[in-house]
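Undergrad: With the hints as extra help, turn the sequences into a complete structure.
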Amino acid sequence: MPAKPLRIRIQAWLHERIPLKELDALLAKKTVPLHDRYIWYCLGSMILVALTIQIVTGILLVVYYTPSAAGNSDIPGAYESIRQIVTELPHGWWIRSIHHWSAHLMIMAVLVHMLSALLFKAYRRPREVTWLTGLVLLCLTLTAGFTGYLLPWNSLSFAATRVGSGIAGATPLAGPLIRQLLLAGSDVGPQTLTRFFGLHVAVLPLLIVTTVGIHLVLVMYHGSSVPPAVERDKEAGHTLPVVGFWPEFTLREARGWLIVIAALLIVAFAFPPEAGEKTDPLVPTPEGIRPEWYFLAIFKMLKLLPTTTLGIENIRFGVLVVAVLGIVLVLLPWLDAPPGETAAERRRHMWSRRGLLLASFSLGTAATIAPLHLCLKTYGLQWWVPSSSRSAIAATETIVVLALVLIWLVVVTTLDRVAVQRPNAPATLFGVVLTSTLLGYTFWEALGAGAALVSLAILWVALLVIASSKCPSAGMRRNPARVTAGLLLTFIMLSTILLGRSPEHTPTDNLETPSVIETSAETNKAVPAARRIESAGRFGTAMAVCVFLLVAVHLRLGYQRRLREMGLLHKPA
Amino acid sequence: MRLDRSLLDRRQFLDGVMGAGVIGLGATAGETVLGFLTGLEEPEPDHIVLAGPMLETLSQKQYVLAPYGPRPVMVFRLPSGELRALSAVCTHGQCNVRYRPETNDIYCACHQGRFTAEGINVPGTPPPRPLRTFHIRRQDDGTLIVAAEPFEPGPSSNPTDTP
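Those sequence lines, one after another, are chains A and B.
Counted from 1, the first sequence has number 1002 at position 166 by this note's numbering; the numbering is strictly sequential.
Counted from 1, the second sequence has number 270 at position 23 by this note's numbering; the numbering is strictly sequential.
A few of these clues could be false.
Some residues of chain B that are not near chain A, with every Cβ distance over 12 Å (derived) [what the hints assert, rightly or not]:
| no. | residue |
| --- | --- |
| 1 | Asp256 |
| 2 | Arg258 |
| 3 | Gln259 |
| 4 | Val264 |
| 5 | Ala274 |
| 6 | Gly328 |
| 7 | Thr380 |
| 8 | His382 |
| 9 | Asp387 |
| 10 | Ile392 |
| 11 | Ala394 |
| 12 | Ala395 |
Here chain B is said to cover these stretches of chain A; the calculated rule only asks that three of the stretch's residues, wherever they fall, bring their Cβ under 8 Å from a Cβ of chain B [unchecked claim]:
| no. | stretch |
| --- | --- |
| 13 | 1008 to 1017 |
| 14 | 1021 to 1028 |
| 15 | 1120 to 1133 |
| 16 | 1148 to 1158 |
Hints are computed from structural coordinates only; laboratory data are not their basis.
Remember, predicted model here, so these are calculated numbers, not experimental data.
Heads up, the beta-carbon is just placed ideally off N, CA and C, and yes, glycines get one too.
TA: Below, the structure is given as structure tokens:
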């Protein structure tokens, strides 16, 4: 009897030990709904890609990184090891740059993913727990960003950690304990670096990966959520087109991943972060200091808040505002849960829980009005109110605020009724408001009040266009207006990342650095040209591979689509 | 009222005891871990002595930041020649401040907070409280002593640097 081929024998060996057949069957059965809001649902897998890149580059960096504050030219510490990675090690600067930019990508993807969940009410029954794990992931991702920021041990990271821990310390009741736990002392010091290193490379990755696992299991269990409008079409009797998870859906997603990976490589190659100035706790905070873009909105708010509001000191008040927003986010699935057994019944209750919804409504309005109002205060009111009479200014401000509230009501109700087709305006409002606040403050801080207003206008128009174009009952249709709006939205979202960057070269000349502690010799902190040239070949190859793969995936996808349209694919059960 | 039999059977009682034990164990472990994690508090010294390079920086820049236990203190020279010492940590966002001789005020770059040369927060800027004041005394050898508590009244407790 002839021996079976090796391939068959290996397969048999594996099948006996691993439930591959069951996995295959599961994969073949799994389908994903296909609709014209598909693009909003790609962010989830994008986050996974970014997370994978973070883990891989992070492992590479930790090979050379030294988590120690002490350090000099002989024994490298944290700062010196980063400088070594950036200026000496082959491709080190690029790997660090990818880690840096991929972190931005991940946080942006998490935020937009959350925005889409808000706008399309993906948190609605039975996906409340999925929403909660998502919020946990948001917190973990931001904490990873915060702890990672200290590790280069430069002047920016030191000041940012001081401010950040100061804010955490202003939390009511538990503040001092949280601060003490974060810093391992009364101020940012060597012990804080060790602690943040441990959190950043061990604790947080473990927690993030575990929570992502739970989140994914829940997503798989419930299936992908669809926008309420699509759901309504389904109830009205339209058949909702679906694609198989494997290979069509996966290929679709892979197309997005490849584009993002290529973009990430380009940005990382073009704009590598530098090592900066070494931390010196005895140097005044450098001029023009700024946190990363994702904390910029809070930063701006802290700058603007009056010394005391309702008798509460500004930092503490800021923490309270953020805490209340967080609580509303946690409670949102229940705040936005009208009674009724079927989805159709629930849709009829527009103001089901008026009291609670009104609370989130007014809170959201206040949060949006604040930046706009302050924009006007610094920007426009001088023209309208020539006299510096306080009562005239107050009256004008009141009128402006009321007008804005009115505009808001119109915008949001339209958005909600037309788009989501499940009228529950306050929850939608809350999502739009949260985005507006983050975006408005970021642009304001980076480019001024005018830019903030323009960015907000773009955001609202884009959201309105995206939402108000009629949702077709089946399939994907390209609507030029919506595509344009989507591109605009992507553009302003991505520009916040670039806007939020702190200046690399802190103007040290007017800083008059007192050299009390000997800082390391003034060697180069930027990436040497030789290092870049060295990596250029790899960069070109990587780009070529990305394009090649993209073409292959695209062709394969087209083939698969044609098979499906011809009805030649095995119909999923 | 007497019951014929206990509402709690033995198994329920033991389950309760086990549960309480587990909670107690967890609480003890948690408390221990928390104590371990809070770390050490660096005590604040009674005073520090400024000498050598610190004084050079002071005469060059009109201000210098010196470590006072865990957080820095700033010594600066007013246009009148008088020396002052204030906490160098802004009361708003905990950033390091600096003295600006040209405007004779104290400035924090993080949120553009300002203090007067007396350390009083300027209304309309973010800092909610004044900076903590320290006391300076010049010693005979030219070094400066910076202390949290006031010195015994003496002729040189308010040093000036008149050339």
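Undergrad: Out of the numbered hints, which ones does the structure contradict?
TA: none
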